[in-house]
Amino acid sequence: MAGKPKLHYFNGRGRMECIRWLLAAAGVEFEEKFIEQPEDLDKLKSDGSLMFQQVPLVEIDGMKLVQTRAILNYVATKYNLYGKDMKERALIDMYSEGVADLGDMIMLLPLCPPDEKDAKIAQIKETTTNRYLPAFEKVLKSHGQDYLVGNKLSKADIHLVELLYYVEELDPSLLANFPLLKGLKTRVSNLPAVKKFLQPGSQRKPPMDEKNLEEAKRIFRIK
Amino acid sequence: MAAKPKLWYFCGRGRMESIRWLLAAAGVEFEEEFLETREQYEKLQKDGRLLFGQVPLVEIDGMELTQTRAILSYLATKYNLHGKDLKETVRINMYAEGTLDLMMMVAVAAFKPPEEKEESLALVVKKAKTQHFPVFEKILKDHGEDFLVGNKFSWADIQLLEAILMVEELDASVLSDFPLLKEFKTRISNIPTIKKFLQPGSQRKPPPDSHYVEIVRNVLQL
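Those sequence lines, one after another, are chains A and B.
Residue numbering for the first sequence is 1 to 223, as defined by the working numbering.
Residue numbering for the second sequence is 1 to 222, as defined by the working numbering.
Simulated from the structure, these hints should not be mistaken for laboratory data.
Mixed in with the good hints there might be a few duds.
[Unchecked claim] One-sided and incomplete, this derived list gives chain B residues near chain A with beta-carbon spacing under 8 Å:
hint	residue
1	F30
2	E42
3	R69
4	S73
5	L86
6	G98
7	Q131
8	S202
[As the list claims (entries may be wrong)] Result set (SDA-like, lysine to any residue): computed pairs, CA atoms no more than 20 Å apart in a straight line:
hint	chain 1	residue 1	chain 2	residue 2
9	B	K43	A	L111
10	B	K43	A	A135
11	A	K141	B	E64
12	B	K127	A	F220
13	B	K6	B	A26
14	B	K87	A	K117
15	A	K211	A	K195
16	A	K45	B	E64
17	A	K120	A	P172
18	A	K182	A	Y147
19	B	K87	A	P5
20	A	K141	B	K46
[To be verified] Derived CB-CB ranges, DEER-like:
hint	chain 1	residue 1	chain 2	residue 2	range
21	A	N80	B	N151	24 to 30 Å
22	B	K117	A	G62	29 to 35 Å
23	A	I222	B	N218	19 to 25 Å
24	A	L180	B	Q199	23 to 29 Å
The structure displayed is predicted, hence computed values, not measured ones.
For each residue, glycine too, the CB sits at the ideal point set by N, CA and C.
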């Protein structure tokens, strides 16, 4: 019998959070082994578990998967969150990549030098409201359906809604002029599996604070 | 009859080169429109053809696809270069993501100030020698087959050859400790479609120079 997927990462969002969201939304129970010391990461490297010496690592179906996108695409395919054909998948990929681009900017913000931070935040807010949110609002408007692709929940919707929560954390007013995105956020948040994941006590991780940042820097040996 | 795919990008490698490699290796003829002016770029944006206002853009099968990985994944599947089942596909994706990361470091280095650029490129060579190439050498050694996944030519093989050649441009001796990768390089380079692409006069682009960097900065207003 297949065990639950096992996620190896530090106890924070980083590059693993979108994988946690996707598994949770698919209703898949998963285990987590937290990397707490640099030595834990060294051990994973030396025992050959990490193909490119990097985490995330997800043990699933007898495989040790690395590379965030490879993992996400595997999970999405396995749990039917990847569209019905190649063309739908291409759209889902395009939208997911856009989400990842903005998501990465927000994720890397804590690593920004303090004197550059305000400018960086302003830049992120500008690109959010001028480039990314309008693009997704337009997609929803163009077909008037409940989900981004093929009138069916896909990984694109899950990734986007996760991102909208981070945008809201940055500045709630950023979502003001995007009614369809607000609707998508509500709709997806009310799906039973997502609703459960959004509750306190789930495996969803909180925003990075000073302590969490120090821990990440220590584990990944970032100066 | 299907029209040829049309690629919109600068006349250089950047984020489009892996797409050119994949199409060429699959034996697919494609057209290119080169971005040379700010006006061309703004027109593409204004016409609503760039979902996030960015290139690469590939017009194919009635779609206007942007986002490099979305394009690569579509092409790999369309031309049967993406494995026979989900387990093969995920391995191909893992390998391709690794090599793409390495090649993106090279693409981005071209835009850094001279000192930082040297450092970045040295880091690429180091990563290739210590992280990426040993892994692929081991994969080839463990199964003893001609191709990385499923004993069949795939997107992962194309990406790896592209990455090998790119790193060799930075350090010609980079494969000296990897005999199986040397054989791999020769073997994949001799596949007729790839052999053709490697010849002068093909649509393969040269390494980025200062002229290319200037055009990109101009068009994107960086």
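Let me make sure I understand: some of the numbered hints might not hold for this structure. Which ones are they, in numerical order?
1, 2, 8, 9, 14, 15, 16, 22, 23, 24
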